[in-house]
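Engineer: Taken in sequence, the protein lines are chains A and B.
Going left to right, the first sequence walks through residues 1 to 331 as this note's numbering numbers them.
Going left to right, the second sequence walks through residues 1001 to 1325 as this note's numbering numbers them.
The hints are simulated quantities; they were obtained by calculation from the structure and are not laboratory data.
Where hints are given, some of them may not hold.
To be verified - 20 Å max Cα-Cα, derived EDC-like pairs, lysine to aspartate or glutamate:
hint	chain 1	residue 1	chain 2	residue 2
1	A	K266	B	E1183
2	A	K260	B	E1175
3	B	K1272	A	D241
4	B	K1096	B	E1175
5	B	K1205	A	D268
6	B	K1272	A	D195
All values reported here derive from a predicted model rather than from experimental measurement.
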Amino acid sequence: MDAAANPLLTVDRLTIDIGGANVVDDISFTVAPGKVMALVGESGCGKSLTSYAMLGLLPPAARRTAGRIMLENTDLAALSERQFRKARGKDISIIFQEPSASLDPLTTVGSQIAEAYRAHHGVSKAEAYEKARQMLVDVGIPDPTRRLDQYPFELSGGMCQRIMISIALICGPRVLVADEPTTALDVTIQAQILDLMKKLVADRGTAIVLITHDMGVVADIADDVAVMYAGRIAEIAPVHDLFRQPKHPYTALLLASVPKLDDAPKADLATIEGTVPTPNEFGVGCRFTERCPLATGKCRTEQPPLFDCGGSHRSACWHIDRMAEIREVAA
Amino acid sequence: MSERQNVLEIRDVAVHFGGRGGLLGKAGPVIKAVNGVDLNIARGETVALVGESGCGKSTLSNTIVGLQAPISGSVRISGDEVVGANRRQLNDIRRKVQMIFQDPALSLDPRSTVGATIGEPLIVRGVAKGKALKERVATLLQQVGLRPEHADRYPHQFSGGQRQRVVIARALALEPDLLICDEPVSALDVSVRAQILNLLVALQKRTGVSYLFVSHDLGVVRHICDRVAVMYLGRFVEMADRDTFFANPKHPYTKALMSAVPEADPEVQRAKQRFILSGELPSPSNIPSGCAFHTRCPLATEICSRERPELTPRADGARVACHHA
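This is chain A alone, in the form it adopts within the complex (with noise of 0.2 Å):
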């Protein structure tokens, strides 16, 4: 992979801790300039808690524990609060899920966007604005003059979130973490946000770490691809070896359940059953065990690292060999 060649953001064994519990536990993985890694997982997996431990904004009842998370020679994990403040938005960016959540309504997009870039520049007030005009043309917003001047409340979910993420970019971060960037769009407009995110990362080399739960958003914009659950990575890989040959039960159920085009109509979908393990129910051994179809007394007992399985393709499953009998089960 080339990410492990030449890094910028490495994840290194991060674990952070709740209550006792490790809701995100031993998670390791590297994004190289100009590349997507999606996080991929079920509500309760830490794939939001990795992200937001990136930017320093874990809420106070969750602690990390033990980990690094280096942007190139700096470990973000180690930053103060107020190094922090210099390092978000100019090093390492954040967009949320819901965009008018994340905006002032009291406040012009214009002046949100040159407050960001002020922040970091010490540049006149025009300046800034001038930039924020550029961003607005960079992320696809016409007639940006008149933009600048609107109130959240009169721009579309599809304009605002344009508006998050040249609040995100105006300070040109080397890395952005994109949270669910378009679960709350409409499907017309979350095209033009994924192309609109493929562009900046062709253009400025920008690292993508994607949180999201959809498989079709994985499959649109992904390099490569760790799969979460309760906590863990189940399996890491390429994007194209993690969808053709799933090395994880978990991996391999979640694609089938998703309805595909050749499907016949009305058949039953494959299922996992029951539900996620909360986190005062997580066992010793490997956490999917519950619900695995493969799961023996070793998985009870014993938690599985992650497996070479070639190339880059890693996967925490004692039982790799039998993932023949899971397509079965899906089938």
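Based on these hints, arrange chain B on the given structure of chain A.
Structural biologist: Same frame as chain A, now just chain B:
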């Protein structure tokens, strides 16, 4: 379809909002949410209503259950007219049509046990009480894949998927003819989504209930629906049987929607011919002249801004409202 009994018949329904003087006497713009829609749903049939936010699909759903009065048109549920019905008539009609929503957490009373929630419509209607009520609730819970002892628990003790099962059980308590499902799986995790879709299919096979399935997820629509209607700014632009619809979409808006939905397969997705719409949905208070889609349509010509195309039948049975498709 005429030999089958229709559970829903909508004729030329239009719903507008506003326009009258507001608090300060100033007349606001008229929002034309639904503009002349016809739709039938047969017994045991599932019809998908597809469209983006602001297209009028929720307004139409609300009109069907009598929560919103149309300015014109007729809505019949199993033969009974909803439009203009008085309170008592509406009460009777609503036994036959129920609704489930996207977020089950918002549809359940956090302070009522699940048993009380499911049993309430039965008590209100005087269908059952005492031991019979308890048994009926237990049966309903089992039908949706929960256990009878779950009746004593509260919504917060369930996962999202289980809560949606509770909502479905409550909706089915009065054995409705029609269930309106407004994005019923969008808020659920992927693995749970499949469970709920399987449940909806199984319940339909058992009870013969019809579904109006409001969704923007074409993968789900393709899986569960018999027929598809696409809505844009308050009108249907395309309507067809599932197989025809997915094999040969015709309206440019339908094609744009299909190409915008990302396929969960990187090879298919990245090879796909993209048909990305420019711009955004115009406001329903200011609907473009002629074909409402002409401002975003790649095929638009002069006639499109002048004349509104009607839904016309095509050789394969699909009905499409487009001058050029």
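Engineer: With reference to the structure, classify each hint as holding or not holding.
Structural biologist: Results for each hint:
1. A:K266 to B:E1183: Satisfied, since the Cα-Cα distance of roughly 17 Å is no more than 20 Å.
2. A:K260 to B:E1175: Distance ~31 Å between A:K260 and B:E1175 Cα, so the pair is violated.
3. B:K1272 to A:D241: The given pair, whose Cα atoms are some 19 Å apart, holds under the 20 Å limit.
4. B:K1096 to B:E1175: 7 Å, holds
5. B:K1205 to A:D268: It holds: about 12 Å lies between the C-alpha atoms, which stays within 20 Å.
6. B:K1272 to A:D195: Holds: B:K1272 and A:D195 sit about 14 Å apart, inside 20 Å.
Checked against the numbered hints listed earlier, the structure breaks hint 2 alone; every other hint is satisfied.
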